[in-house]
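Going down the list, the sequences are from chains A and B. Sequential numbering of the first sequence, starting at 1, is according to the working numbering. Sequential numbering of the second sequence, starting at 1, is according to the working numbering.
Rather than coming from a laboratory, the hints here were simulated on the basis of the structure. Backbone N, C-alpha and C define an ideal beta-carbon position, used for all residues, glycine too. One or more hints might be untrue.
Sample of chain A residues facing chain B (criterion: CB under 10 Å; computed from the structure) [said to hold, decoys possible]:
#1 60
#2 126
#3 128
List time: in silico SDA-like cross-link candidates among lysine to any residue, alpha-carbon distance up to 25 Å [to be verified]:
#4 B/6 to A/197
#5 B/559 to B/519
#6 A/53 to A/17
#7 B/467 to B/402
#8 B/6 to A/32
#9 A/53 to B/111
#10 B/6 to A/36
#11 A/212 to A/231
#12 A/53 to B/53
#13 A/212 to A/197
#14 A/53 to B/402
#15 A/268 to B/335
#16 A/53 to B/112
#17 B/6 to A/19
#18 B/6 to A/157
#19 B/267 to B/346
Derived contacts from chain A toward chain B, CB cut-off under 8 Å, selection only [said to hold, decoys possible]:
#20 26
#21 27
#22 31
#23 61
#24 62
#25 63
#26 64
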Amino acid sequence: MTVDEFLAEDGSLCSFSGSYNTIFTRLSDPTANVAAITEAVELDPTIAAKTLKVANSSLYGFPEPIDTLHRAVSIIGLQQMRQIVMSTVVIEHFRGVPVIGVDMESFWRHSLAVGVLSRSIARFRREANIERLYLYGIMHDLGRLLMFLHLASRTEELINIRERERMLLFEAETEFLGFDHADIGAELLESWSMSPAQVEATRYHHAPTEAKAFPVETAIVHVADSIANALRLGSSGERFVPPVEAETFERVGLEMETYEAVIGDARKQLGQMQAILLD
Amino acid sequence: MSPSYKTPEEVNALHERIRFLEEALEANAYAMDVLASTTAIFGDTDRNRSPELIIQSSLESIRRLLPARDMAVYILDGESSFDLAYQQYPQDDAYDLADAVEDLIQEGTFSWALHQNHPVCLPSRFEGESLLLHVISTRTRIRGMFAARFRQNELQRHEMTLSTLTMVLFNTAYALESADLFQMMERRQKALQRITEHQSRELLHHQSHDSLTNLPNRMLFSDRLSQAIERHKGTDHHIALILLDLDNFKRLNDSLGHRAGDELIRKVAQDLGRLLERGRDRSGRPLRTTLSRLGGDEFGILVEDLQGLEGCVRLVTDVVRTTAVERTVFDRPVVTSASCGIAVFPYDGDNADLLLSNADAAMYEAKQRGRNGFRFYTQDLNSRTFRHFELEKELGTAIEQEQLVVHYQPKVDLHTGDILGAEALIRWQHPKLGLLPPSHFIELAEDMTLIEEIGEWVLRRVCRDLKTLPSPGEDCALRLAVNVSARQLRQPDLAGDFHAILQAARVAPECIELELTETTIMDDPKGAARMFERLREIGMRLAVDDFGTGHASLIQLKKLPADTLKIDRSFVQDLERSESDAKIVKAIVKMAQTLGLNIIAEGVETKRQAEILREFGCNEAQGYFFARPMAFNDFRALLQDRARLPRTG
Numbered sequence: 001m002t003v004d005e006f007l008a009e010d011g012s013l014c015s016f017s018g019s020y021n022t023i024f025t026r027l028s029d030p031t032a033n034v035a036a037i038t039e040a041v042e043l044d045p046t047i048a049a050k051t052l053k054v055a056n057s058s059l060y061g062f063p064e065p066i067d068t069l070h071r072a073v074s075i076i077g078l079q080q081m082r083q084i085v086m087s088t089v090v091i092e093h094f095r096g097v098p099v100i101g102v103d104m105e106s107f108w109r110h111s112l113a114v115g116v117l118s119r120s121i122a123r124f125r126r127e128a129n130i131e132r133l134y135l136y137g138i139m140h141d142l143g144r145l146l147m148f149l150h151l152a153s154r155t156e157e158l159i160n161i162r163e164r165e166r167m168l169l170f171e172a173e174t175e176f177l178g179f180d181h182a183d184i185g186a187e188l189l190e191s192w193s194m195s196p197a198q199v200e201a202t203r204y205h206h207a208p209t210e211a212k213a214f215p216v217e218t219a220i221v222h223v224a225d226s227i228a229n230a231l232r233l234g235s236s237g238e239r240f241v242p243p244v245e246a247e248t249f250e251r252v253g254l255e256m257e258t259y260e261a262v263i264g265d266a267r268k269q270l271g272q273m274q275a276i277l278l279d
Numbered sequence: 001m002s003p004s005y006k007t008p009e010e011v012n013a014l015h016e017r018i019r020f021l022e023e024a025l026e027a028n029a030y031a032m033d034v035l036a037s038t039t040a041i042f043g044d045t046d047r048n049r050s051p052e053l054i055i056q057s058s059l060e061s062i063r064r065l066l067p068a069r070d071m072a073v074y075i076l077d078g079e080s081s082f083d084l085a086y087q088q089y090p091q092d093d094a095y096d097l098a099d100a101v102e103d104l105i106q107e108g109t110f111s112w113a114l115h116q117n118h119p120v121c122l123p124s125r126f127e128g129e130s131l132l133l134h135v136i137s138t139r140t141r142i143r144g145m146f147a148a149r150f151r152q153n154e155l156q157r158h159e160m161t162l163s164t165l166t167m168v169l170f171n172t173a174y175a176l177e178s179a180d181l182f183q184m185m186e187r188r189q190k191a192l193q194r195i196t197e198h199q200s201r202e203l204l205h206h207q208s209h210d211s212l213t214n215l216p217n218r219m220l221f222s223d224r225l226s227q228a229i230e231r232h233k234g235t236d237h238h239i240a241l242i243l244l245d246l247d248n249f250k251r252l253n254d255s256l257g258h259r260a261g262d263e264l265i266r267k268v269a270q271d272l273g274r275l276l277e278r279g280r281d282r283s284g285r286p287l288r289t290t291l292s293r294l295g296g297d298e299f300g301i302l303v304e305d306l307q308g309l310e311g312c313v314r315l316v317t318d319v320v321r322t323t324a325v326e327r328t329v330f331d332r333p334v335v336t337s338a339s340c341g342i343a344v345f346p347y348d349g350d351n352a353d354l355l356l357s358n359a360d361a362a363m364y365e366a367k368q369r370g371r372n373g374f375r376f377y378t379q380d381l382n383s384r385t386f387r388h389f390e391l392e393k394e395l396g397t398a399i400e401q402e403q404l405v406v407h408y409q410p411k412v413d414l415h416t417g418d419i420l421g422a423e424a425l426i427r428w429q430h431p432k433l434g435l436l437p438p439s440h441f442i443e444l445a446e447d448m449t450l451i452e453e454i455g456e457w458v459l460r461r462v463c464r465d466l467k468t469l470p471s472p473g474e475d476c477a478l479r480l481a482v483n484v485s486a487r488q489l490r491q492p493d494l495a496g497d498f499h500a501i502l503q504a505a506r507v508a509p510e511c512i513e514l515e516l517t518e519t520t521i522m523d524d525p526k527g528a529a530r531m532f533e534r535l536r537e538i539g540m541r542l543a544v545d546d547f548g549t550g551h552a553s554l555i556q557l558k559k560l561p562a563d564t565l566k567i568d569r570s571f572v573q574d575l576e577r578s579e580s581d582a583k584i585v586k587a588i589v590k591m592a593q594t595l596g597l598n599i600i601a602e603g604v605e606t607k608r609q610a611e612i613l614r615e616f617g618c619n620e621a622q623g624y625f626f627a628r629p630m631a632f633n634d635f636r637a638l639l640q641d642r643a644r645l646p647r648t649g
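With the rest of the complex left out, here is chain B (with noise of 0.2 Å):
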């Protein structure tokens, strides 16, 4: 057929048909684009992950391609009911969408359409309205219903622009879904994660604490060491490493059970928990300490900062004597004890690992001493720091007990061999460790105040030794020297009191010579000199002792009333070998003559060091030479046979 047998009613239909074609192709190039942009539906991040988020940008697809005078999305409740979910333009009309929707869901048609996957269109109680459903479902489940009014003949030619609804709700729906799923996913990874972190929090106690006393095991312990090794690399502080083991437990465990001695074990970490907590350092501060059960009935003490070791020491004999005690287990009495090894960071060892094997091995010799005690791996530690502490106590009552003695070591005419007189030399007669020379107590006297005490016990002593000398009363014909500390001579009144004293003995202050090294001298030479003056006043003789080895200047020797240069002894043993310490030792002699000041050489030990000391022109020396410190009784016979020293033959 060719056109021209067209009817004009045939050409109007056809070209409505083009105008409905070329309509159709807009709205489904239009649709198309719409279509393309519901990707965005899905949120991707957890920020537009939300379900009010996805609702929003997926009526705003709607919105473009629905003339729509209203739309409202509901959505599918935890409790199988739906609730408005959002609504976008809501009216103040007495009957809105909402409303209509209501009488949808009491009429049935809402749940009707639920399972309808197209759009539905039912008529509005308005004149040419039509109300639209559709559901919002993914293929297995039902997440929503879509509502819209709009004006029917607008939706007349949206047939394509339904079929884009359907295809956009069901991606809602599984932007929703996935959204759902994705939270759910996130609680549960977030539980997970709680739990997980709980586990291995709880493993990782496990893993570091003895499950019976709950403190740090071995592994945590040497780990804690490590730590504190680290820190105090390059300080003065010390760490103390104390191991502790219950003497005899294993004979407990094999007669009373291992439950009884587990209670054991617990008892004594819990009063070792609380010794260690009240512990503190020398300037009140606590101790920084650790606690473990390195395993069976050995425990471990870490002590940190240590500033000296008598600090651990005190701590440790408080863990000895706290642990051995009578505890009640089970309703039996129960007699423990406690050996400890103590090995102490930098001394013995720099790694975890050395301190624990010597303290180890410290505690191996406890043992071995007879238990309930403690010992330092370093034996030096040992005498020195265990000592330091029991001479502490033992000092105290060493002067009412009468342990302190005086030896006396002659002063000789180099050119007679005559006694001219002796220094008293201050000894302590300690009942186990034998007879201490002062270097081992007086700084420790020093330190507790107690030197006063000790010098005018000396002084008393000397004087009292003096007077039953045979000459006494010949002119001071015999000269006895006392040493005078710097701390004594810090002394408000050392001056006065020893004045008191020699009255007291009635005693010549001439016949008492007072020795202050040349260093305590120059260490404050204003206090020197006026402490020398008043002294020098009550008639007693001074001397410089030590003298060349404390850089006194000519000046301040002038300005120093002494009668007495005292040579140092390491000039004196070099005398024979060394031509520079003659010549210093010399000068000395010269200058002591100049200054009108008597000259004595100590330390004299051979023949040869007092015949050059004579050609050099000093008169007056002492030293093993001649003779030994000796106890009074000895030197007392040595004036009363009125020797001549060297004795010979």
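The shape of chain A in the complex, shown without the other chains (with noise of 0.2 Å):
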């Protein structure tokens, strides 16, 4: 079986539905202006409030309260709102789907984990749209919840896989399936037309001396995957740490001493993000 054909077998799980549709591809479309991307916000009254509440959230630290879209849209930015509001859209729509054998919870709360800490990195890396990298973060693992939804019943067989083999989850996929969730996400968001960027740091997040067009990207996903794995922030099903060598640290390029700054900063958000995003 090849990712493809694995795509293939349910196109329902590929794509939104409804005013989701909409917003997303509005989004997407690059023509789009302050006042199109605001309208396609407020075509769904949840995706509209949660913006609104991660815009006045910690996240930003704005010193004065946020109460329209359209001025979160100019404050943030257009493309940083994009960003912002396609994680929401992808959070809701994921959230209703029922997967057999994951803590839907435990999993949102990983991806969340990832998407602010991966967000922090950039941020300390001073870089200039940290946003995409929080929606990098938090799409990051999609690709497993697709797999677990596809093989139901089974994935007790790769779990098992892990258990005897005393191997990291995505390795055991490899062995049962012949690709890793990671796979299966870069797949997913080639077909959304994401940006190539969020493409490769998706497919390599767990072999990120790999990416070739964007090294940094990767390497910051992986090693927030890595942290949030750490710090038990949530768990997308994986139970070792997932090593980061050297290189990859390198790559970030911040000081050791840094992360302790980028963990704290994350921290502090990550509990209002949940309280906005996954209640």
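Got two chains here, each in a separate frame; can you build the complex from them with the hints?
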């Protein structure tokens, strides 16, 4: 079985419905202006409310309340707003999908943690658009959700392999299927026309040295994933901490001491973000 | 789907989208141009590396990107506060961009925006206007804030522009950072350079100076010596190199300790320094000297631009005397003396090493000769210069101490051998140096203007001697000749003075013959003629000495009221060997006879010379062949014996 065949099996998994679809399409349109984005978000009151809450959260720490989406867009930035809304939509959409063998709460907490940590790392690197890293983090394990959904009762076999071979889950996946959740996620994002940087960061988030075009983005997600696992901030099914190589830390470029601040920063925001997005 | 199914609404949307894309493409291409031009932000020379210029060129780039109504840049100063560094269109409004930013600072939005690495658009208090803040920051350091105000709708489609803004400001931050680093580097480099220069100056001084006395050391001294030699080459000025060594310094060092020794060296150095500062040459110019401590108890003194050695001798005498005094060192009296060796450029060497080693040899000799004195390396200079200097002092007292004596060399009749007279010759009976001939001191006496005094003394002595001779009154059968020097000839009233002396001694003027060399006469023929005239009036007889060497013309000779010509010894010497000399002597004799002058030959040393002269018709002669100059008593004895010269047997 190939990844393509895997994805082709159930098209419904890979596409949004109703207003989500409209919002997503509109957000992906590079010609959309502030008014168009604002209108699109307002199509779904839940998404609109959550987006406004995020804009007012400690993630941004804007000194004054932001009371309209329009204002949020102008302050946070159009591009940034796209990524925030997109991640909110993705979480909303997939939270409702019935998956066997995975603690959905824990899965999203992990995803959110990797998103916030990736963002925090990018922030300490003083990158211009740190929200894209937030988005990459939140969506990096979507492939696993699809995989569990597809395997359904066979998920147990996968877990057994992991226990028997005492390997990391993604290694067991390759053993079991010939590809892992990262491959599935990357293909999914590609089909959604997400940016090449996000596709590559997702595809190689367990093998960052193989990322040739966007090595820094990939390395950031990889490091954030490892930190989230190490801190047990939710789980996407991995029980061990994937090791980070020195080369990858070097690529990210932060001093080791800075990670304390990165983590402290992320921890502060994470609780609030969980309350906004997962409740 | 084919286009025919499109609704008009969809078609409009597509049109709108195409228009947008076209605009965006154009804006992107333009943004790329602006971005490419931002390399100019980085100043690459001292001139354009200033923060002001960086901000200015950065704002020029931004102005092409943003349709801003006003722009300003705030720069983080050293004390972590933001100062308005540049505002493009300051407006006279009651409320301008700077005021708006001030409010944002108050609200906290400004500091919030510092942590957003993207443009932050904020509502303005004016309808339809927005404020834009963008931090100016490198990856590690916030350097300032960019602020602008513009109409909201103008920014709607400038997404690409805003990304470009981020990049321009990022470059600006790095340009400021590198300008800072350059400045810091330059400051450090300058500081380092200052330190290095200072240290190398100190090191140079340290290397070239003696630490105890702070005088130039041997290295610098020999360098100065070499330079002086180069300067003096081709001039007729001299350089004297004096090496001074304290006598018995080692003994003092051993008995009183090294600290006392050092103290003494320091004091001697001070005294020498003061002495040299006062040193003057003959014309009162300060002497150009360099004092150096060459090591241990050895000092070097370099004296440049010397015109004669007298100044040097005077100086070194002072040096020896100044050094040889009692000094108090650590409350104890210490008596030192010094020995000096002197080498003189160009006589004693044409390079520094040779001069130094010769001066050293001379100093060693000074030590050998009993210390507390000086020696020249060139022995001749030793005798001449030293003696010169000593003589100068001693000659002054020679007359009163009756050290001057007159010797007489007989003048003889060539036919009979009878003594016709004598030439009075002055001698100096020097207490240490023995009997000195006039060549050793007459020139000096002339320099010292002692010559008049000496000249008169000689005449007086000759008169006195004349009176004691056996036949003083007999018509001046005996004539005594006295030499008159050029300097005496210039005496205002030589004739009067001489006349007074003769009168006082009661000597007939005819008994005294004055001898002037032909050269002296020819230096001032008119003056000589005038003087001869006056002396002649008195009655004194006159002789032209050294005749044949002074180029006198016959006319001048004719005008000169002389009585006698004295043929120069150089012709007489070669009379036997040189036919031309013989011819000259023969001609002189003939000429003298023609002019009615007496003729006498001097320097006759052989019998043959005497015979030839007689054959030529010369009647009178003087020379070793007949008699050497002798003391007056011996001369008188000869006369008493009525001796005929030469004495044979």
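### Query
Does residue 64 of chain A pass the interface hint, meaning its C-beta sits closer than 8 Å to a C-beta of chain B?
It holds, given that the least Cβ distance between residue 64 of chain A and chain B is near 7 Å, below 8 Å.
### Query
Is it true that the CA of residue 267 of chain B sits at most 25 Å from the CA of residue 346 of chain B?
violated, 32 Å
### Query
Is the hinted pair residue 6 of chain B and residue 19 of chain A satisfied, with a Cα-Cα distance of at most 25 Å?
holds, 22 Å
### Query
Holds or violated: residue 61 of chain A as interface residue toward chain B, Cβ cutoff 8 Å?
holds, 6 Å
### Message
Checking hints one by one. Is residue 26 of chain A an interface residue toward chain B, by the C-beta closer than 8 Å rule?
### Response
Nearest chain B Cβ about 12 Å off; hint violated.
### Message
So if I understand the rule, the pair passes when the alpha-carbon distance is 25 Å or less; does residue 212 of chain A with residue 197 of chain A pass?
### Response
holds, 10 Å
#### Entry: Evaluation of the interface hint that places residue 126 of chain A against chain B, nearest CB under 10 Å
holds, 5 Å
### Holds or violated: residue 6 of chain B to residue 197 of chain A, with C-alpha atoms at most 25 Å apart
Status violated; Cα separation ~34 Å.
### Query
Can we keep the residue 63 of chain A interface hint, with Cβ of chain B closer than 8 Å?
holds, 4 Å
### Message
Would the hint linking residue 268 of chain A and residue 335 of chain B be met if the CA-CA limit is 25 Å?
### Response
violated, 91 Å
### Query
How about residue 31 of chain A: closest beta carbon in chain B under 8 Å, or not?
With Cβ-Cβ at 5 Å, under 8 Å, it holds.
### Message
Hint check: residue 53 of chain A vs residue 402 of chain B, CA-CA at most 25 Å. Holds or violated?
### Response
violated, 133 Å
Violation of the numbered hints given earlier is confined to hints 4, 11, 12, 14, 15, 18, 19, 20, 21; the remaining hints are satisfied by the structure.
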